[in-house]
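Heads up: the protein sequence lines correspond to chains H and S, in order.
For the first sequence, position 126 matches number 161 in the numbering used here, and the numbering has no gaps at all.
For the second sequence, position 186 matches number 201 in the numbering used here, and the numbering has no gaps at all.
These are calculated hints, taken from the structure and not from any lab test.
Please note: incorrect hints may appear among the correct ones.
Said to hold, decoys possible - Among the chain S residues that face chain H by a calculated CB cut under 10 Å, a handful are:
hint: 1; residue: 22
hint: 2; residue: 62
hint: 3; residue: 272
Please read these numbers as outputs of a predicted model, since none were measured by experiment.
No residue lacks a Cβ here, since even glycine has one placed at the ideal position from N, Cα and C.
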Amino acid sequence: MTQRDCHSQQQSGISRRHFIKGTGASIAALAALPLLPRFSFSAEHNILRVRDYGDFQSLDPGIASNLYEENISAVIYNKLIQYQPGDEWGWQLDAAEEIEQVDPTHIRFKLRPGIMFTDGFGEMTAEDVKYSYERIIDPELESPIKGDWATLKEVRVKDKYNGVIVLKEPFQALWMTTLPYMAGNIISKKATEAAGGKYSTAPPCFSGPYVLESWSPKQRTVLARNPEWKGPKPVFDEIHIFPIDDEKTAEIAFEAGDLDYTRISLSSYEMMKAKPPENSTVKNFPSLYYVWVGMNMENPVTSNPKIREAVQYAIDVPSILQAGYFGVAEPATGIVPPGLIGHRPKNIIPREARIDKAKALLAEAGYPNGIALTFDVRNKSSHITAAQVIQASLAAAGIEVQINSHDSGSFWSLGDESKGDRWKEIQMVLNRFSSAPDPYYAAQWFTKDQIGVWNWERFANEEYNDLHQKAAVESDPKKRDEMYRRMQDLMEMSGAYHFITHEANPAIYRNSIAPALRPDGLPLLRYFGKA
Amino acid sequence: MGLYFLKRLGLSVVIVVVAVTMLYGMIHLVPGDPASIMLGPRATPEMKETLRVRMGLDRPFVIQVVSFLGNVAMGDLGTDVFSNRPVARIVLEQVPHTLVLVLISMGWAAMMGIPLGAFSAIFRNTILDKITGVFSIAVIAVPSFVVALYSLLFFAVYLQWFPAIGAGEPGDLVSRLTHLVLPSLAVGLSWVGYIARLVRASMLEVMGENHIRTARAFGLPESVIIYRYALKLAILPTITLIGVSIGRMLSTAVFAEIVFARPGIGKLIYDSVITRNYNVVMGSVLVSTALFVFSTMISDWITALLDPRIRENL
């Protein structure tokens, strides 16, 4: 130490002893903080706090198309019928006091008297039902959910509360995918017309048990009890919905006491199940999603059916589920999950890889020394891992796979003909679609007219198309079941599909609440209660 | 001085225009269709085309850029076709959250880093200096998202002192501040190290200069020499660093915004890029670029005000 250093330390007025004392005092004060009363962020005021994976962009039911928008719409509006919470798919009456299928193309309904729209827009009438449903098929609205009412001809109004939904042709999926879902929300004709025929984030009025109290974009949506609601009193004063897209963040927020219900990641399920946070329950629900490996039937290489079949036999589904889905998800037998009409009990191609068979098929295809294929996947960790497992098992069969990872924006335009020629380069693709509780919804993307839109495998099968048309109008559940099973057989036999999983929807909730969930674990917030 | 500011202002406008044009080009080079993403699988090709027209994507690229910049000059950032809300409003809703986070983070980082660096220089080569050095390097080396995750686990989950998510109740200052503690810790911690190391190096350099030696020869108290003469000069590079770091922090903030589920401009840009929501991407990038350029300009301005030598050279 130089003389100058000693000098500076002695005369600066801040000696090392002072500094150490100060630091010590600071550490002591920090250590004492746990003795102070904690900041409290728990639900002390009868507030339900849930996480959704995105923030809404529109609460106009004719324009909104995302599940997180429907989660709010289902609470602030009414539908004729709503999904029934529980382990089995079903519906229950909501705005309708009575509803019945009079014949294959006519559905008669009678509204409950006394359902009021807020802000002085009066009582809900059959005219509002007519307006709400017919505007969705009006080309002027450009509704993204127009397809849900594709078979709607009109809604005939009988009187104030009575009406008839008239269909152009029978449509069995209506009861499970249209009436109780996004396209089933009823809004006020008077209020919407006053708002110019459509609105986005500020609904002109509400009719459900809750109203939109406030919205802080990308932060929180607050729903408060609707004072004009005449139905059963909602249990919670307020529902706070937090848009959190990262599941790990949501898990931490739950553990910190900031949430009462959230979906959790597959990777955390086993750990949280074994040791759940205090006073909470972890449960796994079967999902409606379906994940598959698709192959482009018009690509010069994968147009060879033997190559496609070789790929099918070389994929080892159990390994994919273990590595990519942490052993939580069940294998899929097709595009229709268990519990729905059309679910197949087993696949045609075995789940376990049969490398010898794959090699033999490859040799038959004219590639005894192996072949190289590209594999397009979304840059989602479970998909990348699944792709790597597939890459490894295909390598054992002599198929060298090059994985092309895309962000979601790029991925979802891969097979879209209107966005260029990238569809021609697709050979293998790992795809994942959402679905609804009717097989029609899952099956509609693989018809001939979907080629170049969502049918990226370019699967064109007349029998499939024919069955799709017939199953949509068939009222006998047994016959529908057989039709959809056959359609999935056709898909698999084409060699263009290898079904992987329906994934899973693990969720966690506090024991102090009684969650009302669909069979797939998604929340029906208006029915949440206290345990 | 006035000419200097005018030159800086003009340069800033050029930087913003070039940056925005480059980004506009880059985002259009990446494959992806906003209409498909927004409308989902149930949309018909006609509906997608209509949306593309509404977004102006049917026009040539150059026309799109010129039109965007022209509208910006008129104060119009366009409309978000997804939510039908003005982009300026969407961006301005998010900017305050990011600005507060960045300023608080930089504020506490500077308040910790400057004294640490100064003490380190004063007690050069002592155990205190070594501890400070190790601490500084350690916090520089730890990525922000790691700090964010561990601070969440420790302070929010284990101790439950601070909330884990959100930005607090609107109008409730205490709630707002408690929601800022952990995110600002995550964003600012590494800057404590940067600032401490920079201040230490600057202080050691200044302490060896002739005017400090002269002051000592005159018998001035050491505290006066340090605070009035040495630190004032040693802090100049730190001010420049703080100005530049605001821009760096804007990008770091995106991690904090995702991990703490906070609103903010970083998260807005991220979400908009993922969904190819071009109008919002352009509006938010324009604002964040302008913020960066503006903060750099302010730091240069403060440096010029503090150091007469810089003023004279203008």
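Quick rundown of the hints versus the structure:
1. The interface hint given for residue 22 of chain S is broken, as the beta carbon of that residue sits about 38 Å from the closest beta carbon of chain H, more than 10 Å.
2. A cut of 10 Å between beta carbons decides the hint on residue 62 of chain S: the least distance to chain H is about 5 Å, and the hint holds.
3. Given hint, residue 272 of chain S at the interface with chain H, holds; its Cβ is 8 Å from that chain's nearest Cβ, closer than 10 Å.
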